[in-house]
Amino acid sequence: MNENSFQEKNVLVVGGGIGGITAALELASCGVKVTMLEEGPSIGGRMIQLDKTFPTLDCATCVLSPKMVEVSLEKNIEILSWSKPLAVKKKGKGFQVTIFKKTRYIDTKKCTACGSCSTGCPVVMKSEFNMNTGPRKAVYIPFPQAIPNKASIDKREDRPCKAACVDACPIHTNVLGYLKHISEGRFKDAYMLIRATNPFPSVCGRVCYAPCEGVCNRGQLDDPLAIRDLKRFAVDQFDVNSLEIPQITRTEKKVAVIGAGPAGLSCAHDLAIEGHDVTVFDALPEPGGMLRYAIPEYRLPKEELRKEIGYIERLGVRIQCGTEIGKDIDLATIKNDFDAIFIATGAPKGLPLGVEGEDLSGVIDGIRFLRAVNSGEKVKTGKDVAVIGGGNTAVDCARTAKRLGSESVKLIYRRTRDEMPAAHEEIEALLQEGIEIQFLTTPIRFYGEGGSLSGMECIRMELGEPDASGRRRPVPIKGPGFSIPVDSVITALGQATQTAFTEAIGMSPAKNGTIEIDPLTGATGIEGVFAGGDVHTGPAYVVDAIAAGQRAARSITLYLKGEEIKPANARKAPEKLSETEVAELMKRYPSLERIPMPEKKVEERVTNFGEVAIGYSPEQARAEASRCLAGRIEGCIQCGECERLCEVGAIDHTMRDEIVDLEFDSIVLAPGFDLYDPTEKREYGYGTLEGVITGMEFERLSSVTGPTGGDILLKGKVPKRFYFIQCVGSRDRQSGARYCSRVCCMYTAKHINIILDRIKEPEIYVSYIDVRAYGKGYEEFYKTTQERGAIYIRGVPGEITKAESGLLVRVEDMLSGEIREIQVDMVILATGVRPRKGIEELCSIMSLERDEYGFIRADSINPSRTNVEGIFVCGMGCGPKDIPDTVASGGEAAARCMEYINQ
Amino acid sequence: MAEETSKKNPEIVGFCCSYCTFKASEMAGSLRMKYPEGVKVIEVPCSSRVDPAFIIKAIVEGADGVFVSGCHPGDCHFIKGNFYTRRKIAALKEMFDALSMKDRLRLFWVSASEARRFIDKVTSFYNYIKEKNDEREKA
Amino acid sequence: MKGKKLKSGDIENALNKFLKDGQHLLLGFKKDENGVSHQIFKGSLDHHSLVNPVFGANAALYLRRLFSKGLKVMLMLRPCEIRAYVELHKLTQVEREDIIAVSIDCFGTVSSKEKKDDVPAEAGKLTEYFKDKGSMRWACSVCRERRGVVGDAGVRIDKSGNFWMVPYTERGEELVSGMEGELEEIPAEMLIPESPKTEKFQIDMETFNKDLEKCIMCMNCRDMCPVCYCIDCVFNGDEYLPKGDALLNKVFRTGSMQMPRGKDLFHLIRMYHVSQTCVGCGACEEACPQGIPLTKYFKGVSERLQGVFSYMSGRSFDEPIPYVTFLEDELKDAMD
Amino acid sequence: MKTGIFICHCGHNIKHTVDVKKLSEYFKKIPNVTVSKDYVFVCSEPGQDMIKDAIEKEGLDRVIIASCTPSLHGPMFKDVLRKSNLNPFLLRRVSIREHCAWVGNDVEANTEKAKRLILAGLYSSAHYVPLEEKIVDVQKSALVVGGGVSGLSAAIFLSKMGMHVYLVEKEAALGGHVRILKDVWPAGRDGKGIVEEMAGELEKQENVEIFTSTTITNFEGFFGNYEATLKTPEGEKRLTVGGAVLAIGFSPFDPGIKPELQYGKDKRIITTLEFENNSDTLRLPEKPRVAILHCVGSRDEQIGKPYCSRVCCVNALRVGNALKDKHKESYVESFYMDVRAHPKGGEEFFEDTQEKGVLFTRANVGEIIPTPSGVVIRGEDTLFGETFEREFDLVVLSIGMSSPKDCKLIANTFKIALDKDNFFMEAHIKLRPFDTAVKGIFIAGSCSGPKDVEESINHGRASAVKLFGLLNLGYTYVEPFISYVDPKRCSGCRMCEHACFSNAIKYDEEKRVVHVEEAACMGCGLCNATCPSSAISLRGYIDPMIDDEISGFTEAI
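Sequence lines, in order, name chains A, B, C and D. Residues 1 to 903, numbered by my numbering, are exactly what the first sequence covers, in order. Residues 1 to 139, numbered by my numbering, are exactly what the second sequence covers, in order. Residues 1 to 336, numbered by my numbering, are exactly what the third sequence covers, in order. Residues 1 to 557, numbered by my numbering, are exactly what the fourth sequence covers, in order.
Incorrect hints may appear among the rest.
Unchecked claim - So the derived label-pair ranges between C-beta atoms look like this:
| id | chain 1 | residue 1 | chain 2 | residue 2 | range |
| --- | --- | --- | --- | --- | --- |
| 1 | D | E227 | B | R32 | 52 to 62 Å |
| 2 | C | E174 | D | K415 | 29 to 39 Å |
| 3 | D | N85 | A | E252 | 31 to 41 Å |
| 4 | B | E131 | A | I245 | 24 to 34 Å |
| 5 | C | S256 | D | K415 | 23 to 33 Å |
| 6 | D | A417 | C | I216 | 25 to 35 Å |
| 7 | A | I791 | D | K328 | 38 to 48 Å |
| 8 | C | S256 | D | D79 | 36 to 46 Å |
| 9 | B | E131 | C | D318 | 43 to 53 Å |
| 10 | C | I216 | D | E227 | 53 to 63 Å |
As the list claims (entries may be wrong) - Listed below are the simulated BS3-like cross-link pairs for lysine-lysine, each with C-alpha atoms no more than 27 Å apart in a straight line:
| id | chain 1 | residue 1 | chain 2 | residue 2 |
| --- | --- | --- | --- | --- |
| 11 | D | K324 | D | K356 |
| 12 | C | K113 | C | K20 |
| 13 | D | K37 | A | K561 |
| 14 | A | K715 | B | K34 |
| 15 | A | K561 | D | K356 |
| 16 | D | K29 | A | K253 |
| 17 | A | K254 | D | K324 |
To be verified - Taking beta-carbon pairs under 7 Å as the criterion, some of the chain B residues facing chain D (in silico):
| id | residue |
| --- | --- |
| 18 | G29 |
| 19 | R32 |
| 20 | K34 |
| 21 | K40 |
| 22 | S48 |
| 23 | V50 |
| 24 | D51 |
| 25 | E61 |
| 26 | I79 |
| 27 | M101 |
| 28 | K102 |
By construction, these hints were calculated from the structure, which means they are not laboratory data. Backbone N, C-alpha and C define an ideal beta-carbon position, used for all residues, glycine too.
This is chain A alone, in the form it adopts within the complex (with noise of 0.2 Å):
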């Protein structure tokens, strides 16, 4: 056997269409080794975007994706996509050539095709493919026989802001994404991705204190964006209750989780999904915690939570209520019965004020008090309520109080508003309601005869030396106190937990009764039980918790399965926008306000316990989501949600694109064509009128990897009635090119084919002025589409207009001489054949002639010999030609090529 003398030899093909492939091809079986550069993400060119092939409407991916398979078979074929040459040397006989090399953000080795990056991806682009008659998202793989067959992202600029939204929450809900979402009106999804990382997305939308918008980067260039009101939003153009169950693959493991407030049902939630078979007790009659019993229906109805915990009972979670630990089941004998235990029993406790009087019917403690009006409780408040204290619940406590009907209702607070921990809007209303504030003011004794309350007596406070909070601590001033008189007082100082339950299994709780853990793991020192959420930190935020119940899910998982437990990677810390930055997008983006959440008027809302806020318009919502600054940009917005769904961690946003210098003995160009634009065609109305289609656009259209999955429609309906046009942009002075395509007269025929196969009894007109069915069973071809019913009409239509249904085309029949008006549902132009863009530049970096129309000029007895010796030409690349001659001038291209480096 003999040596292959070609193996050292290298060619460089550019081009992964057809006409590339066959010359890669034949030069790899001659043993020389081939690298081929492909502008796009996939080989394959126009002929893979075709339907069918013309004359015997074989269709095209049967006869290329064979060869396509081939050439990524083939040893000697290297295959470069989403590159192209950027500078050509002379180098003795042969070329250096410098190559770009666009990444893909995608380490190909590890990339899978599994396509779950994109079914997440909240960027929704024009699909090139298809010529952007469909949508494909940011991150995509163009179409099922891609070669290679690897995800590629599409990311044009960075994120202008630094998505601390998402950094934020604790929970790093995808922030970008849903607004994005939303902000294109595809509220569904918005919901699903929200609803990927929160399991509490109705009450997030609501009462979550977000932290997000405080950080939001929009907000350093006018407001932050509405971010829980939009998600309040998503959330309600969305049911529950349709929401459909996950497959889920047992583990037979059981846990126990013991308390079902935001943390305890999130950890179940999560659990869940994972497989385990998970118990959730509370001592309460209703599961929700501080949701269902704390937060007043004004603000959270009861109904959503519902829903929101239906679901999880849906995902198979078991919820015991009714059932206090300690008191019914010991927590000794649940350790045994299950093979992990997660403790998130909260703060369910309000605190004492701890001066005279407290034991007066009359005083009651906030917590007590809410709890009370949620369960439906007849609940009487005096006339004269003071609400003592300055969080969320003394807000909640005044406002249910208003509500309750009673005349006068006063907030007692011992420092002054900026101390108020509550939330900011939260204190808005109230004050808007009608209710008072008495800053700098604390009761130290409640009075009354009879054992019921009548007064108060308080002293006022000034601000000394900040304390351990940082808020500055009040202190007496001397003086005489004075009384206020009051028929009922509501304590809301705070709440403390309730965990000497755990003591049964061993555990020592701090002194303040909060349960020590891994605040990172959840883990606390006893193996297999884990705690979280207000019971570890004291009273919380719901976001809070929810993050805490999902972190020991993970770590309880990893447990069951006998792994290490370790936390999850940390996210960096919210960043803020340099000066510089801020400047710079002032330019670039024109402030924008806020749009207000809208709400019921006051006198409404306090008769009753209606939800306050009335939620967005979605022409609202739309406009407040596209103030996201990440939203504003092309292509992907860095939202991370394809890291999130990748298993196997192949997104790597860090990589860049790259040039490097390679050494050639040879060059084919397979550089291909482009379609002429025919919107310059005003008379036929491309791009205004609806039903005026390409053919290229057809193609795709009838294609079962297209938009319609194959069928054949216009505005959803099946059009019965075409016109087809021939020459559009060929043999045609004023487009520029006089020459014939080659190609329109018989792709219409196969067009013609196609819809006579998929539509029944359809009416067909083609306007033409010779018919070029030129080449092997091309004529026949033509004549059995005449036979079948198409009607040729030799003309070129004056004008196409809107007629009362379709489509009205007024053509002259030459052969009749008459003016015929014809009405159809869809024109289709067969647009003719154009040099590609960007060939200009191809033929200046390696010095190539262009003829009168820009294609690379080349004789017609060496045919694919250029102006530079050693650089060959085939395809469309030097003028149009039809699928069989493109493969034999790629035969040919070889061949020279071959010759040439044999010398």
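Got chain A; can you put chains B, C and D on it based on the hints?
Here is chains B, C and D on its own, set in the frame of chain A:
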């Protein structure tokens, strides 16, 4: 044999040529088109590889239906294979007809891009067989 | 169609002339006290008979892998035997060279199973015999071609009982030319008429299964079939019969089960294999110890399958067997 | 037997609708299954490692991967086996994604289906055997039939690439039809020059033998080692070649077939070719009136030439041009159906010709009546729908291309197919326009349908490079999925041989059995399905494999 299977859902065995129909079935999958689970396909290089004996075996072993599918006549990757297939299957059909079970064998041409056609073909076949079986159930 | 009218003895003379050359053989029938049987004559005729009223086996069976080295063999057999020979030739199992196949008008036969001594071996009498008593084999009663019109030449009998020798091929003409008399147009009406068209065979699997209950897979049917020519039949191997470990496998997963029965497969697949070449002679049924009506199925099915390609087994040397050829533009309705 | 089954979740893709855990558990219990695992991404690096060390630790001899469709990741998994020193052909892929998880919603049903699919894979893989790519030696020599531009291009390329080339031309001189063209459009050079330049280039090569006035009497053998017999003026010559390029061109249409054209009866009626040859010797008046008829012998069903001859419109334009250049005052009228000036620059040429004053009339020519004063043409103008009658001094028939005279002969000699118009038939009209059903035999130029000069040159080299690719190593790999014969079983009935359309099966008169010419077999398996005793089998798809695959589905075993 058939008697047993008639109680449960139909079992359809399909022979698909790897160049056209199997490709179509792949695409049907990647486009998430749905067809009954009872349909299972065997990949053969060319429909002409299908020995009628296979079909008889499948039927005798309890398949409720068998289909053979390849490239459209003239498009055969091996140039002429499917013309022979057409003859063989036509003959076998005649034999099945004589034994009154013609409707349990089908032959169709599906090219690689015709995922939808593939779905339509197998689904209608499946449903047809199902009807037949249910009728037999009643009787 | 032209042929030679034969006077009594002509055939014998001709054949004897043929046999004189020691290298020449004749495969035909011999009639003696124990009845008629297949016989290979060398040198000269002896008790030769043109008619064999009893069917035991198809003589073509003996021709398989017969590649006559330089010697001439003449076949003087029933049409069904000659047709089987023609098929075997297409299958390269017999050499065409040096074989002269002569088919003789057939009056139908009696099954060897119910062989009776009173069966006459004379052309004329047989017709009578079948008319009043004697039962004709079912296969013969529905025979597609009982006229001696296949092969190189044929022996025909006209209404008035005269024998005719009719050539169909060059080889046949050669033979006939060596005989007395002049070629003349043969009468349109002959004693054995063209067989009436039998109606399309139609049956159902229930009956099929019932009929085959008795089958014991002795495979005699296959062994005696003249066109079942394979040296090593697939059913000799275990290809189509249940395999041990596979069987255990199944039991492992699905518990106790009835042993799969190979016979449905055996008969159906054999039915397909011989579908284009079966001449419907009924040798299989003759061979079946269980008396299963195999002819019904094999003849019935094969006639239908041959019909699909308007092919008839053994009709001509030049028709290729349908499965090894095709027309680009045919069988439009085969596709569903 | 030790089989390892690896079931892929493909992230959620499969896991979502198939209970993969249940499957892997199920198969643990099946006899002959040594390993049964499920994994999130079997194709990922850790997935591959899992397979590797299962093979090494457990000594697997079969690997079944139930995941995406075989055409995906196929080569990669094969490599995994190779790396673990297990023959890659002992790998079985089962598609439970495209053919199960993605096409059904019901988890239970899908899981059952997946189970059956994997079972089928398990059973059929039991019959797998290690396979190797075969290497077959081939002659590094080629036969090129036809000395036209196609043939010449092919010969030049092959010889330059160091192959031994035999060029056979039935005429005395090389160059085919191009040789007689006055000026070849669009090159603007005379044909003689072009072909002689090419012939010269060819003759420079030392490894070339050119046989003119020679025909081919016999061609047999199989790919890589064909035996050709030539009838040369010096007598018979036998050669061995690896393959052949057939470029026998076309025959000009003979207008005599259409008597109404009066061709041959009147010397004022000539063909484009004749015009080319003796345009100077033509005696024409000062202001000649010339008619040019398009589509003579093309697009004409009555005479069985329904196809378009692709070049005659341009030829007609050339005639028109030539006349206008020679006789400014001439009246030249072209009668056409469609003007198919499709080649590069053709349209411009058409426009320029019109500008030069050549009239183009879309017409059906009815009759041609030679009269002393001139040739009268009667016909109907199909644009204005009126009949006309005009007198001309010269009528030029733009004749089409017909299939080469000896196409049938050559087709039989090389055992290749003809299309309905008696041109050679390509394996695939689009992607394999040079291949034939017979390996190593390629067709180029107008013999597979009308072509112009440029296209013919393209074809010449393009087909030659394909042949070169097959032969240049002196050996070729034959992939293992081809047929083989078990001589003990073969009854020598030759059914397979008759059926095989790539002539890969040969009959041995002595042993009376057939054998497979491995280099020629394409691996379709038709023979296997045709043989009643399965004496011939297609490697990788032998009967037991498929039989047991069926049984896996039907659960009969």
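Verification of the supplied hints:
1. Checking the proposed 52 to 62 Å range against D:E227 and B:R32 shows it holds: the Cβ atoms sit about 55 Å from each other.
2. Taken as a hint, the range 29 to 39 Å holds for the pair C:E174 and D:K415, whose Cβ atoms sit roughly 34 Å apart.
3. Between D:N85 and A:E252 the beta carbons are some 39 Å apart, a value that agrees with the proposed interval 31 to 41 Å.
4. Between B:E131 and A:I245, the C-beta spacing of about 33 Å keeps the proposed range 24 to 34 Å intact.
5. Our hint of 23 to 33 Å for C:S256 and D:K415 is violated, since their Cβ atoms are close to 57 Å apart.
6. D:A417 and C:I216 have their C-beta atoms about 50 Å apart, which leaves the hinted 25 to 35 Å range violated.
7. A hinted range of 38 to 48 Å holds for the C-beta pair A:I791 and D:K328, which are about 42 Å apart.
8. Look at C:S256 against D:D79: about 44 Å separates their beta carbons, and that is inside 36 to 46 Å.
9. The supplied range of 43 to 53 Å is met by B:E131 and C:D318, whose beta-carbon atoms lie about 46 Å from each other.
10. With their beta carbons about 54 Å apart, C:I216 and D:E227 fall inside the hinted range of 53 to 63 Å.
11. Under the criterion of a C-alpha separation no larger than 27 Å, the hint pairing D:K324 with D:K356 is consistent with the structure, at around 7 Å.
12. For the hint linking C:K113 to C:K20, the alpha-carbon distance of about 37 Å lies beyond 27 Å, and the restraint is violated.
13. With a C-alpha separation of about 17 Å, the suggested pairing of D:K37 with A:K561 holds against the 27 Å cut-off.
14. Taking the CA atoms of A:K715 and B:K34, the gap is near 25 Å; set against the 27 Å cutoff, the hint holds.
15. Taken as a hint, the A:K561 and D:K356 pair is broken in the structure, with Cα atoms around 88 Å apart against an allowance of 27 Å.
16. Simply put, D:K29 and A:K253 have alpha-carbon atoms about 23 Å apart, close enough for the 27 Å limit, and the pair holds.
17. With a CA separation close to 98 Å, the supplied pair A:K254 and D:K324 exceeds the 27 Å bound.
18. The beta carbon of B:G29 is positioned within 7 Å of a beta carbon in chain D (closest approach about 3 Å), and the interface hint is therefore held.
19. About 5 Å separates the beta-carbon of B:R32 from the nearest beta-carbon of chain D, less than 7 Å, and the hint is met.
20. Against a cut-off of 7 Å between C-beta atoms, the interface hint on B:K34 holds, since the closest Cβ of chain D lies about 6 Å away.
21. Hint status for B:K40: holds, given a least beta-carbon distance of 5 Å to chain D, under 7 Å.
22. A least Cβ separation of about 4 Å between B:S48 and chain D falls short of the 7 Å threshold, and the interface hint therefore holds.
23. The closest approach between the C-beta of B:V50 and any C-beta of chain D is roughly 6 Å, which is under the 7 Å cut-off, so the hint is satisfied.
24. Because the beta carbon of B:D51 sits about 4 Å from the nearest beta carbon in chain D, less than 7 Å, this interface hint is met.
25. With a least beta-carbon distance of about 4 Å to chain D, the hint placing B:E61 at the interface is held under the 7 Å criterion.
26. The beta carbon of B:I79 comes within 5 Å of a beta carbon in chain D, closer than 7 Å, and the hint placing it at the interface holds.
27. Interface restraint check: B:M101 against chain D, minimum CB-CB distance 16 Å, threshold 7 Å, status violated.
28. Taking 7 Å as the C-beta contact cut-off toward chain D, the hint placing B:K102 at the interface is violated, the least distance being around 20 Å.
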